[in-house]
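Protein chains: 2
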Amino acid sequence: MTDKQRIYLFDTTLRDGQQTPGIDFSVEDKISIAGLLDGFGFDYVEGGYPGANPTDSAFFAKPRTENASFVAFGMTKRAGVSASNDPGLAALLQASGDAVCLVAKSWDYHVKVALGCSNEENLASISESVRAVIEAGKEAMVDCEHFFDGYKANPGYAVACAKAAFEAGARWVVLCDTNGGTQPSEITEIVTTLIADGIPGERLGIHAHNDTGQAVANSLAAVDAGVRHIQGTLNGIGERCGNANLITLVATLALKPVYADRFAISISKDKLEGLTRLSHAFDELLNRPPATQAPYVGASAFATKAGIHASALLKDPRTYEHVPPESVGNFRKVMVSDQGGKSNFINALKQRGIDVAKDDPRLDKLISIVKEREATGYAYEGADASFELLALKTLGRVPDYFTVNSFRVMVERRFDAMGRLRTVSEAVVKLSVDGKEMMSVAEGHGPINALDIALRKDLGVYQSEIEDLELVDYKVRILNGGTEAVTRVLIESADGTGARWWTVGVSDNIIDASFQALMDSITFKLMKNRELAGKVAAE
Amino acid sequence: MTDKQRIYLFDTTLRDGQQTPGIDFSVEDKISIAGLLDGFGFDYVEGGYPGANPTDSAFFAKPRTENASFVAFGMTKRAGVSASNDPGLAALLQASGDAVCLVAKSWDYHVKVALGCSNEENLASISESVRAVIEAGKEAMVDCEHFFDGYKANPGYAVACAKAAFEAGARWVVLCDTNGGTQPSEITEIVTTLIADGIPGERLGIHAHNDTGQAVANSLAAVDAGVRHIQGTLNGIGERCGNANLITLVATLALKPVYADRFAISISKDKLEGLTRLSHAFDELLNRPPATQAPYVGASAFATKAGIHASALLKDPRTYEHVPPESVGNFRKVMVSDQGGKSNFINALKQRGIDVAKDDPRLDKLISIVKEREATGYAYEGADASFELLALKTLGRVPDYFTVNSFRVMVERRFDAMGRLRTVSEAVVKLSVDGKEMMSVAEGHGPINALDIALRKDLGVYQSEIEDLELVDYKVRILNGGTEAVTRVLIESADGTGARWWTVGVSDNIIDASFQALMDSITFKLMKNRELAGKVAAE
Numbered sequence: 001m002t003d004k005q006r007i008y009l010f011d012t013t014l015r016d017g018q019q020t021p022g023i024d025f026s027v028e029d030k031i032s033i034a035g036l037l038d039g040f041g042f043d044y045v046e047g048g049y050p051g052a053n054p055t056d057s058a059f060f061a062k063p064r065t066e067n068a069s070f071v072a073f074g075m076t077k078r079a080g081v082s083a084s085n086d087p088g089l090a091a092l093l094q095a096s097g098d099a100v101c102l103v104a105k106s107w108d109y110h111v112k113v114a115l116g117c118s119n120e121e122n123l124a125s126i127s128e129s130v131r132a133v134i135e136a137g138k139e140a141m142v143d144c145e146h147f148f149d150g151y152k153a154n155p156g157y158a159v160a161c162a163k164a165a166f167e168a169g170a171r172w173v174v175l176c177d178t179n180g181g182t183q184p185s186e187i188t189e190i191v192t193t194l195i196a197d198g199i200p201g202e203r204l205g206i207h208a209h210n211d212t213g214q215a216v217a218n219s220l221a222a223v224d225a226g227v228r229h230i231q232g233t234l235n236g237i238g239e240r241c242g243n244a245n246l247i248t249l250v251a252t253l254a255l256k257p258v259y260a261d262r263f264a265i266s267i268s269k270d271k272l273e274g275l276t277r278l279s280h281a282f283d284e285l286l287n288r289p290p291a292t293q294a295p296y297v298g299a300s301a302f303a304t305k306a307g308i309h310a311s312a313l314l315k316d317p318r319t320y321e322h323v324p325p326e327s328v329g330n331f332r333k334v335m336v337s338d339q340g341g342k343s344n345f346i347n348a349l350k351q352r353g354i355d356v357a358k359d360d361p362r363l364d365k366l367i368s369i370v371k372e373r374e375a376t377g378y379a380y381e382g383a384d385a386s387f388e389l390l391a392l393k394t395l396g397r398v399p400d401y402f403t404v405n406s407f408r409v410m411v412e413r414r415f416d417a418m419g420r421l422r423t424v425s426e427a428v429v430k431l432s433v434d435g436k437e438m439m440s441v442a443e444g445h446g447p448i449n450a451l452d453i454a455l456r457k458d459l460g461v462y463q464s465e466i467e468d469l470e471l472v473d474y475k476v477r478i479l480n481g482g483t484e485a486v487t488r489v490l491i492e493s494a495d496g497t498g499a500r501w502w503t504v505g506v507s508d509n510i511i512d513a514s515f516q517a518l519m520d521s522i523t524f525k526l527m528k529n530r531e532l533a534g535k536v537a538a539e
Numbered sequence: 001m002t003d004k005q006r007i008y009l010f011d012t013t014l015r016d017g018q019q020t021p022g023i024d025f026s027v028e029d030k031i032s033i034a035g036l037l038d039g040f041g042f043d044y045v046e047g048g049y050p051g052a053n054p055t056d057s058a059f060f061a062k063p064r065t066e067n068a069s070f071v072a073f074g075m076t077k078r079a080g081v082s083a084s085n086d087p088g089l090a091a092l093l094q095a096s097g098d099a100v101c102l103v104a105k106s107w108d109y110h111v112k113v114a115l116g117c118s119n120e121e122n123l124a125s126i127s128e129s130v131r132a133v134i135e136a137g138k139e140a141m142v143d144c145e146h147f148f149d150g151y152k153a154n155p156g157y158a159v160a161c162a163k164a165a166f167e168a169g170a171r172w173v174v175l176c177d178t179n180g181g182t183q184p185s186e187i188t189e190i191v192t193t194l195i196a197d198g199i200p201g202e203r204l205g206i207h208a209h210n211d212t213g214q215a216v217a218n219s220l221a222a223v224d225a226g227v228r229h230i231q232g233t234l235n236g237i238g239e240r241c242g243n244a245n246l247i248t249l250v251a252t253l254a255l256k257p258v259y260a261d262r263f264a265i266s267i268s269k270d271k272l273e274g275l276t277r278l279s280h281a282f283d284e285l286l287n288r289p290p291a292t293q294a295p296y297v298g299a300s301a302f303a304t305k306a307g308i309h310a311s312a313l314l315k316d317p318r319t320y321e322h323v324p325p326e327s328v329g330n331f332r333k334v335m336v337s338d339q340g341g342k343s344n345f346i347n348a349l350k351q352r353g354i355d356v357a358k359d360d361p362r363l364d365k366l367i368s369i370v371k372e373r374e375a376t377g378y379a380y381e382g383a384d385a386s387f388e389l390l391a392l393k394t395l396g397r398v399p400d401y402f403t404v405n406s407f408r409v410m411v412e413r414r415f416d417a418m419g420r421l422r423t424v425s426e427a428v429v430k431l432s433v434d435g436k437e438m439m440s441v442a443e444g445h446g447p448i449n450a451l452d453i454a455l456r457k458d459l460g461v462y463q464s465e466i467e468d469l470e471l472v473d474y475k476v477r478i479l480n481g482g483t484e485a486v487t488r489v490l491i492e493s494a495d496g497t498g499a500r501w502w503t504v505g506v507s508d509n510i511i512d513a514s515f516q517a518l519m520d521s522i523t524f525k526l527m528k529n530r531e532l533a534g535k536v537a538a539e
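Chains as they are written, first to last, in the UniProt record's numbering: chain A, 1 to 539; chain B, 1 to 539.
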């Protein structure tokens, strides 16, 4: 343990991640995310560029981390003014924060085109800015922008920039692949040469972008070559194609022997088990669905479709899993599908807390219902809640909370009294709850929204229980051509406990398919409430 | 040029891609995708596992590629039977296809646990199966399953499996990282050792999975070490976290000097300019939105937010772009002021036979309408007919053949007189043709089908002209979450001349969106009839 070398993890979600097209953090967002990052255990949390915009200035009004080093990002001083007379640099030094990460040009072409100063002036800016940071009592680090492209164009000058930073006392010099096009083999070659030429690897960092899909590989290539600090973001967000994905890197560094045997990171084994939760919580904050195929943390990362792999997997998980899913807080998933054998079903049910004997005739019935339905277009592998409901119904354990006796949905497009074209959608639902008949009517954005609102408008004695039920995603798939096609609807629901579930409906009528999925969602929610109640009562 | 070594590209979208959770291809899907792959220029197209399921058996009833080698996938013969008596192998040899890719165990642990035979029996199965493929007149290749994990456990046996395949005459032996956990440095080390020990690199392939986010890097590490054949999929779909993304790999191999200077691939420069289109067409077929941050082809891959990068970018694109976006058919996007080219529009119109002067103010109007509509969710890229109609309308050349004054669509689910649950969909349409009011009513399979039938039931003087109009495909995409989401509908129509065209509608009401697309389709058909009539008359 003690002879392992330390790899430092630097998160730039709040700074480079802010450059992601379509992502804009508020101060409140930044406070929440800083809390997630700090709690998880990263070494450095870069918060933004105080002085550059009002959000970042407000965010840097106070320290925002307790354990992690809180880092302000900004530019080295301009040429022609002294460090103490540069207002940008002054804002950085005055902001809260334990460290300052200065971005510096290291490609002579950029020094000329973007800064318009001489190569020597740029070197002086680096040295003086680093010294000013240290004099302000903060840790200094330098992001060498375009380092690899600069090195290819003029290796002597790129190295001179790094040396200027080191000699002025920078704790870290970070080699940035700003345009993201450098290949791992080039990273290996350049970093190896640098270190052979006397640049200290234990003070070098890597900042990689994903423009050729290799930000993670480039980061690891740099570590293999001697770098000891990695910059990246949660779920790999960032400018253009994104930055190195720290979620993936943390798991690889902690779990793959080729790294874990040689290096130590700041993330404990316990924290690592929260990796999937961290990744999903961040997506939640961005209001987007987690990527199902994300390494380690995706819903499909440990999923296997029925077939040869599935049966081997059940014999010995090691045969088809490169790490244990629970080590990153994820789950093994053997998917239910029409190719599945009986043992897959038993396993799938077991994972949902449903025990059933292999020779129970109701199990055969369930299997034949699932196969029959999947042949007509249902897809239970994407609709866990509908599968669970169907299983429990077939095994005779779901009460009929309520019954929908009829519904009517109408969409009308006509000119209103003012002569404007209007489209109105209205739904009427008649249902029985506890022997009592109720009728609800609602308008909505389109027929399915109207039906959804009408269905949930008055569920009688159950109404208070579904107040926190929310539909968060809705997918439609046409299973064959033409407007008379069979339609599959998938609905994702969520509630106040943070739980999410998918339900499915299939019909040649899109309204009917949506109705089935909506009904399953409500029934699942009611059933879920009871299970929770049962658990609380039992404690 | 001639001294470059050839890298062979093997696409397994239709086989390993089929293992993606949530993806199931029909025979028609497979035919379309095979067409895309073959047209783009891949060397090998693996179609599936004939004999294993009805879809793949039907797909392999005929050859499905013209240029690419069409590959059937399957297992080596079982131990204890001869190659000629193994029904699985027989199905492979009888299926159409130029080549057979046999999957073979190369980890001794799996030979014992999964096959339950001896190591020697497995070697014999490999040799005999390869010979049987060659005797059937097909090219033989062998996927060594779990090669890297197997090599770590028992290098001698893993190598023996590869040698058995080579000695029996396999063109390629493909090293598979089946569990996806191998690191690039391990790939480099193992492949380098193999080749140093006499295994021919020019007959080795790599099959990588993305479980640590490095499928692309692992493929390139193998190429760097001497492998000359890469297996991957479109957009990196595949089991668990996916396979190596061939879209990314093609661009990197063709455009990054470290590869392009040394290697040649089968994809021409012209075809490479269709890379973005290929990637998006495949997502369209999967009915999912393209990933915005995908390397090379994502909408954000060459997007820059306002700021220092953007201004430098405008001075010299090379400063912040690792390759020219147009080389892969993508676009630069500076998000402050969209420079989206006027000349692009003129070009697109010219392709449709519409000539318009660069200084025509109606052109500016068209550009602003298209940009505004695309911002609200229209996708004219996938709806040529709607774009052409919009252009002609804006340029003032489309007559109003007919007007829909109002419509009403109703879906009702209730118990009929016999006590059976019934869902009925009915549409009423009121329209004016040539000053004459008409009203039609129709029932259909679902509300959109009812509306479609009612709309086309009586178009007065135009009725005879649309008799051969047929809706052949219907796609729905939900553009954001929830049942009140904005919906995009794409409709493909065809007529008796064999022509096909796509139209689009967008609304928060799915009926309204469908109505727009249906209207565009009918109007396009009427306009098309006239153009054709004009051309015939002119001849």
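Heads up, a few of these hints could be off.
Since copy identity is lost for identical chains, a pair holds within one copy or between any two.
[Said to hold, decoys possible] DSSO-like cross-link-like pairs, simulated, lysine-lysine; straight-line CA separation at most 27 Å: (1) 393 / 365; (2) 475 / 269; (3) 4 / 112; (4) 475 / 256; (5) 350 / 430; (6) 475 / 163; (7) 256 / 457; (8) 371 / 475; (9) 152 / 256; (10) 333 / 393.
Treat the hints as calculated values from the structure; they're not laboratory data.
Checked hints:
1. 393 / 365: within (11 Å within a copy, 58 Å between copies)
2. 475 / 269: neither (32 Å within a copy, 37 Å between copies)
3. 4 / 112: neither (43 Å within a copy, 37 Å between copies)
4. 475 / 256: neither (37 Å within a copy, 38 Å between copies)
5. 350 / 430: neither (37 Å within a copy, 56 Å between copies)
6. 475 / 163: neither (49 Å within a copy, 49 Å between copies)
7. 256 / 457: neither (52 Å within a copy, 59 Å between copies)
8. 371 / 475: Both. Shortest intra-copy (22 Å) and inter-copy (26 Å) distances satisfy the 27 Å Cα cut-off.
9. 152 / 256: between (32 Å within a copy, 14 Å between copies)
10. 333 / 393: Within. Shortest intra-copy distance 22 Å satisfies the 27 Å Cα cut-off; inter-copy 53 Å does not.
The structure is inconsistent with the numbered hints 2, 3, 4, 5, 6 and 7, although it conforms to all the rest.
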